[in-house]
Amino acid sequence: MRKLQLVVIIGLMVAVLMPSLALAGGDKASALIVVADTRVITETDYYHGFMRYLADAYNTNIVVFAIWCTVLTALYGVALGFLMDFLMSKTGLDLKSRKIIEH
Amino acid sequence: MDWMIMYMPIAGVKIFWPGLVLIGFAVGTIGGFFGMGGAWMVTPGLNILGFPMAFAIGTDMAHIAGKSMVSTMRHSKFGNVDYKLGLVMIVGTMAGIEVGAQIVMVLERLGSVESVVRWVYVGLLALIAWLVFYDYYKATQKKKQGDVGEHGAEGITWYKTLHKIKIPPMMHFKAAGFTCSAWLPITASFVTGVLAGFLGIGGGLIRMPALVYLIGCPTHIAVGTDLFEVMISGLYGAFTYAIKGRIEIVAVFVMLTGAAIGAQIGTVATKYAKGYGIRIAFGIAVLCCMISIVLKEFKFNQAAAVLILGTIGVICAYIVKIMIQGAIEELHEKKSGNATVKAVH
Chain A
1 MRKLQLVVII GLMVAVLMPS LALAGGDKAS ALIVVADTRV ITETDYYHGF MRYLADAYNT
61 NIVVFAIWCT VLTALYGVAL GFLMDFLMSK TGLDLKSRKI IEH
Chain Y
104 MDWMIMYMPI AGVKIFWPGL VLIGFAVGTI GGFFGMGGAW MVTPGLNILG FPMAFAIGTD
164 MAHIAGKSMV STMRHSKFGN VDYKLGLVMI VGTMAGIEVG AQIVMVLERL GSVESVVRWV
224 YVGLLALIAW LVFYDYYKAT QKKKQGDVGE HGAEGITWYK TLHKIKIPPM MHFKAAGFTC
284 SAWLPITASF VTGVLAGFLG IGGGLIRMPA LVYLIGCPTH IAVGTDLFEV MISGLYGAFT
344 YAIKGRIEIV AVFVMLTGAA IGAQIGTVAT KYAKGYGIRI AFGIAVLCCM ISIVLKEFKF
404 NQAAAVLILG TIGVICAYIV KIMIQGAIEE LHEKKSGNAT VKAVH
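Line by line, the protein sequences give chains A and Y.
For the first sequence, the working numbering assigns the number 1 to the initial residue and increments by one for each residue that follows.
For the second sequence, the working numbering assigns the number 104 to the initial residue and increments by one for each residue that follows.
Calculated from the structure, these hints are not laboratory results.
With a straight-line Cα cutoff of 20 Å, these simulated PhoX-like cross-link-like pairs (lysine-lysine) come out:
1. K99/A / K437/Y
2. K96/A / K180/Y
3. K377/Y / K246/Y
Cβ-to-Cβ under 7 Å is the rule here; a few derived chain Y residues that face chain A:
4. P112
5. I113
6. G169
7. M172
8. V173
9. K180
10. F181
11. Q367
As the structure is a prediction and not an experimental result, all values here were calculated from the model.
Think of the CB as a built atom: it goes at the ideal place given N, C-alpha and C, for glycine as much as any other residue.
Make a model of the complete structure from these sequences and hints.
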C-alpha cells in the first residue's frame, strides 16, 4: 500500500511539474513563425512521402507533429539500443559486469 | 559531393549530414562516459554547420533524449543505474527547476537577468572544477598514506557526514549500495534543480558531482543514474519544443545514428576507467565550458566555439582510447585464459 502511495505521489508530481523541466532546458524560443516549405519535397518514394507528411503536420497540426517527434525519437532510441546491444554482444566483451575502482 | 548534403524539411536548410553524425558521435561518447546530456557541446556545433539557432536547442533536446536512452540501456546492463534513486531524485529535481525558473522570472522583472545568470553559471562551474581537482589531490594524498577503502582511496567524503542524518523515511538504494534518509537525495536534487532552472540548463553538469560528493554514489552509478534522469527530462523536453515548432526531426535521427555508436563507446569505456579518471576528465570539460562562457561574455564568440569543439575532440579521443585499449586487453586476457584451459585439458 505504501509503495502504491509512493508511486501515485511521484506520478502526480511528474504530471504537475514536468513542464518546468523542459522550460529550463534552454533559452526561450523567439517569437518566430516558421512554416515548412512543402513545395520543395516531392513525393517520389516512401522517405520523401513521410517527410512530406511530417512537414504537413508541422504546418497544420503541431500537436500531431510533437507526438510524432516524441514517439519516433523514443522508438528510434530503443531500436538503436537493441541493435547496438546485438552488435556489441558479437565483440566477445563482457558487457554485464564491471569492477568499481575509484582510485 | 551532393549526396553529402541533406535537405531539412522543417528548418528549410541544406546541411552537411556527416557533420551531424560526427557531432552525435562525439556527444554520445562524452555523454555516455560522464552521464550528462551535453547541450552545451551540441549547440555551437549545430550553429557552425549552419543550423538556424531557433531549431538548435529543440533539436538538441530530442537528440539528447534518444541518446540517453541508448546509454541508459547499456549502463543498466552493467548495473550502473539505480532506478529507485533516479525516481526519488526526479521529484526534487522538478520541484527545484520550477523554483529556479520562478527566480529567473523575478530577476527578469528587475532587469539584467542574462548577465547575472551567466556569471552565476561561471561561478558554479569554477566551484565544480575546484571540487573535482581538490578531491583528486586529497585522494592521491590518502593513497600515499595507505588510507584506502573498499573501492580505493577517496578524497572528499562529505556524503559520510550527510548519511548520518537519520530523518525518516530511511531508504536503501541497492545498486548504489547505501542507506540514507530519503530527504538527502530529494534535497540535493532540489538544490541542483533550482540551479538548473535558474541557469536554463538540463542539469547533468551539476547533478553528476552532487550524486558523487553529496549523495555518495560511486562514480559509475552516478553516471548511469544521471543518464536515466536526463532521458526522462529529455523526452518531455522533446515534446514541448516540438509543440513550439522548434525541432528538426530529420537532424535528430541523423545525429542519433552517430550518437548510438558513440554512446556504446562512452558507456563501455567507463568499465575500463577508474572513478577518478572519469572525474578528472569531467573536471577538465567543466573548466573548458567555463572558459568558453567567459569568452562569450566578452564577445569572443569564435574563440569560444573553437575551445568547445577542441575540448570535445580531445576528450572524445581520450575516451575512445580508453575503450579500445581496455577491450583489446580484455579480449587478450580471455584468449590467453582459454589457451591455458585448453593446455590443462
